[in-house]
Amino acid sequence: MIWTIGGGKGGSGKSFITANVGICLAKLGIRVVLIDADLGGANLHTFLGISPPGLSLSDFIKKRVSHLREVLIPTAVPNLQLLTGAEDLLNAVDAKSVQKQKMVRSIRSLNGDTALVDLGAGNSLSVLDFFLMSDGGILVVTPEPTSIENSYRFLKSAFYRRLKQSVSSSSVKALIDDAMDRKNEMGIQNPHDLIRAVSRIDEGDAQRMIEEVETFHPNLILNQVRSKKDIEIGFSIRSASLKYFGMHLHYLGYVVYDQEVNQSVRRRRPLVLENPRSRAAQCVMEIASKLAKSHKMAV
Amino acid sequence: MDRRMKGIKEQTYYEVLEVSRTATAKEIQRAYEHAKETFHADSLAIYSLFSEKEVKEIRETIDEAYRILMDEALRRSYDQSHFQRVDGRPPEEPSEAQEVSGEKSVSLSFTGLSFSAERELYRGKALKRVRERMGVEPQAICKETKISIRTLEWIEEEAFDKLPPLVYLKGFLKSYARSLGLDPQKVMEEYIDFMEESRKK
Numbered sequence: 001m002i003w004t005i006g007g008g009k010g011g012s013g014k015s016f017i018t019a020n021v022g023i024c025l026a027k028l029g030i031r032v033v034l035i036d037a038d039l040g041g042a043n044l045h046t047f048l049g050i051s052p053p054g055l056s057l058s059d060f061i062k063k064r065v066s067h068l069r070e071v072l073i074p075t076a077v078p079n080l081q082l083l084t085g086a087e088d089l090l091n092a093v094d095a096k097s098v099q100k101q102k103m104v105r106s107i108r109s110l111n112g113d114t115a116l117v118d119l120g121a122g123n124s125l126s127v128l129d130f131f132l133m134s135d136g137g138i139l140v141v142t143p144e145p146t147s148i149e150n151s152y153r154f155l156k157s158a159f160y161r162r163l164k165q166s167v168s169s170s171s172v173k174a175l176i177d178d179a180m181d182r183k184n185e186m187g188i189q190n191p192h193d194l195i196r197a198v199s200r201i202d203e204g205d206a207q208r209m210i211e212e213v214e215t216f217h218p219n220l221i222l223n224q225v226r227s228k229k230d231i232e233i234g235f236s237i238r239s240a241s242l243k244y245f246g247m248h249l250h251y252l253g254y255v256v257y258d259q260e261v262n263q264s265v266r267r268r269r270p271l272v273l274e275n276p277r278s279r280a281a282q283c284v285m286e287i288a289s290k291l292a293k294s295h296k297m298a299v
Numbered sequence: 001m002d003r004r005m006k007g008i009k010e011q012t013y014y015e016v017l018e019v020s021r022t023a024t025a026k027e028i029q030r031a032y033e034h035a036k037e038t039f040h041a042d043s044l045a046i047y048s049l050f051s052e053k054e055v056k057e058i059r060e061t062i063d064e065a066y067r068i069l070m071d072e073a074l075r076r077s078y079d080q081s082h083f084q085r086v087d088g089r090p091p092e093e094p095s096e097a098q099e100v101s102g103e104k105s106v107s108l109s110f111t112g113l114s115f116s117a118e119r120e121l122y123r124g125k126a127l128k129r130v131r132e133r134m135g136v137e138p139q140a141i142c143k144e145t146k147i148s149i150r151t152l153e154w155i156e157e158e159a160f161d162k163l164p165p166l167v168y169l170k171g172f173l174k175s176y177a178r179s180l181g182l183d184p185q186k187v188m189e190e191y192i193d194f195m196e197e198s199r200k201k
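In the order they appear, the protein sequences are chains A and B. All residue numbers for the first sequence refer to our numbering, where the first residue is 1 and numbers rise by one. All residue numbers for the second sequence refer to our numbering, where the first residue is 1 and numbers rise by one.
Next comes chain A alone, as it looks inside the complex (with noise of 0.2 Å):
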């Protein structure tokens, strides 16, 4: 399985979940691959307290290495392994839709369970891209404003993404194009308004794209939540995508706001290893457990 970790903002906590959610699964028997693919600064080796690896996705592209496997680097925990320079595809102008799949395709051939990818904050297509073609795609928001604000931009740059590839006429596409101003001349408001608009077009294409809004179920986790208010929040940005999007936010859970955290960055140790009694360990733990259910039922 292949989960993509992003949207959200820039230190909300992406890396650090994706490195301690990947450690507890490793604990767990499940062999997982942890993926850098941050544009905004790869540094998910830090958070594992490896230093800057020598071999990169890059040496793959560049055929310097026959195999991707060649370029994963073992990490001090049985059953974890780490691929970095992801970032370079992702960055790369000319990464066209074929290549993007070939790399899910090679990611999926490695020998692993599961691929956690951290997509970082970036909101380029080619990050929308892998956000969709993952087979699970997972929001780190904290209980702010801003945060949620770009969270929900990134959603929606997903969302009308996707519906727009599930479309045959290029009207059609244009229209959902359009849709994403909100002060389109069509006067279309939200998903509801633009899956009318489109019915009037293309009747085939208006049930497609209500075919893959139910198919469409992203997953969240809310990050730094510092009291039961705040763990509410995730619950009502489950019940807003569901009236605005029409389509069911999977929450996750929550990680807690703790020192230890912090402490643990500094140190370039894993919390889940460091202080696996913290508060914050253990939110992380509960998150991991469910993504191995996933796992298993996957299997």
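Don't read these hints as lab results, they were simulated from the structure. It should be emphasised that the depicted structure is a prediction, and the values quoted were computed from it without experimental measurement. Some clues are possibly wrong.
[As the list claims (entries may be wrong)] Here chain B is said to cover these stretches of chain A; the calculated rule only asks that three of the stretch's residues, wherever they fall, bring their Cβ under 8 Å from a Cβ of chain B:
(1) 21 to 32
(2) 60 to 72
(3) 243 to 253
[As the list claims (entries may be wrong)] Subject to a maximum C-alpha distance of 25 Å in a straight line, what follows is the list of computed DSS-like cross-link-like pairs (lysine-lysine):
(4) B/Lys53 / A/Lys156
(5) B/Lys174 / A/Lys156
(6) A/Lys228 / B/Lys6
(7) B/Lys6 / A/Lys173
(8) A/Lys9 / A/Lys173
(9) A/Lys229 / B/Lys170
(10) B/Lys36 / A/Lys156
(11) A/Lys229 / B/Lys56
(12) B/Lys6 / A/Lys156
(13) B/Lys56 / B/Lys186
(14) A/Lys229 / B/Lys6
(15) A/Lys183 / B/Lys6
(16) B/Lys174 / A/Lys229
(17) A/Lys228 / B/Lys26
Even for Gly, the Cβ is constructed at its ideal location relative to N, Cα and C.
Assemble chain B onto chain A, guided by the hints.
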């Protein structure tokens, strides 16, 4: 059109509150609390997603859904007019073809609270109204929470001078809130704030 892709005015009241057709009064109350919290003016969860007009419309529909579903007679009438019966029994899930928009103007004899967009504060009388709307007798609350019937009456009547010491009262308020499916902390804090303000006056 798909159930999830309906506009707010086209959803059934059950969909609006995200409850099943067989939801109990307690579940509806809890769902209503959650919906009000989600679409409150200061809610972070709706920030940047909806326009003011959309939020207003959603809030009005949530209030209307709650008003109808919490009244046994109104709910029955709503169910009868919105869901086709098969073999005399209502279907588990609402029929996709049925929409509620044309039914909302139905005038029925609801005599309860006026449902303003802003939630009323949890004072004694408000708690009593919630309890009565759910059709729960005081004795049932007492049995569940171990609060004496007299104390429950004093809480509802806002007879502050007769209430037990604060340390006990806080516990009673939380238990009472839990039994109604309300947020215990919020109920306790709002009640105590109101009581202290009243005492100052």
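Here is how each hint holds up against the structure:
For the region 21 to 32 of chain A, the stated coverage by chain B is violated: 0 residues have a C-beta nearer than 8 Å to a C-beta of that chain, whereas at least 3 were required. For a cut-off of 8 Å, the count of residues in the region 60 to 72 of chain A with a CB near a CB of chain B stands at 0, and the three-residue condition is violated. Counting residues of the region 243 to 253 of chain A whose beta carbon lies closer than 8 Å to any beta carbon of chain B gives 5, which meets the minimum of three for the stated coverage. Restraint check for B/Lys53 and A/Lys156: satisfied, since their Cα atoms lie roughly 19 Å apart, inside the 25 Å limit.
Pair hint B/Lys174 plus A/Lys156 does not hold up; C-alpha atoms about 40 Å apart against a cutoff of 25 Å. Distance hint between A/Lys228 and B/Lys6 is unfulfilled; the C-alpha atoms sit about 31 Å from each other, more than 25 Å. This hinted pair checks out: B/Lys6 and A/Lys173 have alpha carbons roughly 21 Å apart, not beyond 25 Å. Of the pairs offered as hints, the one joining A/Lys9 and A/Lys173 is violated, with about 28 Å between alpha carbons and a cut-off of 25 Å exceeded.
Between A/Lys229 and B/Lys170 the CA atoms are separated by roughly 19 Å; this keeps the pair inside 25 Å, and the hint holds. Distance restraint check for B/Lys36 and A/Lys156: the Cα-Cα separation of roughly 24 Å lies within the 25 Å cut-off, and the hinted pair is therefore satisfied. Restraint check for A/Lys229 and B/Lys56: the C-alpha separation of about 23 Å stays at or below 25 Å, so the hint holds. Taking the CA atoms of B/Lys6 and A/Lys156, the gap is near 18 Å; set against the 25 Å cutoff, the hint holds.
With a CA separation close to 24 Å, the supplied pair B/Lys56 and B/Lys186 stays within the 25 Å bound. Taking the CA atoms of A/Lys229 and B/Lys6, the gap is near 29 Å; set against the 25 Å cutoff, the hint is violated. This hinted pair checks out: A/Lys183 and B/Lys6 have alpha carbons roughly 22 Å apart, not beyond 25 Å. At roughly 16 Å between alpha-carbon atoms, B/Lys174 and A/Lys229 fall within 25 Å of each other, so this suggested pair holds.
Proximity of A/Lys228 to B/Lys26 is assessed by CA-CA distance (about 21 Å); at most 25 Å being required, the pair is judged to hold.
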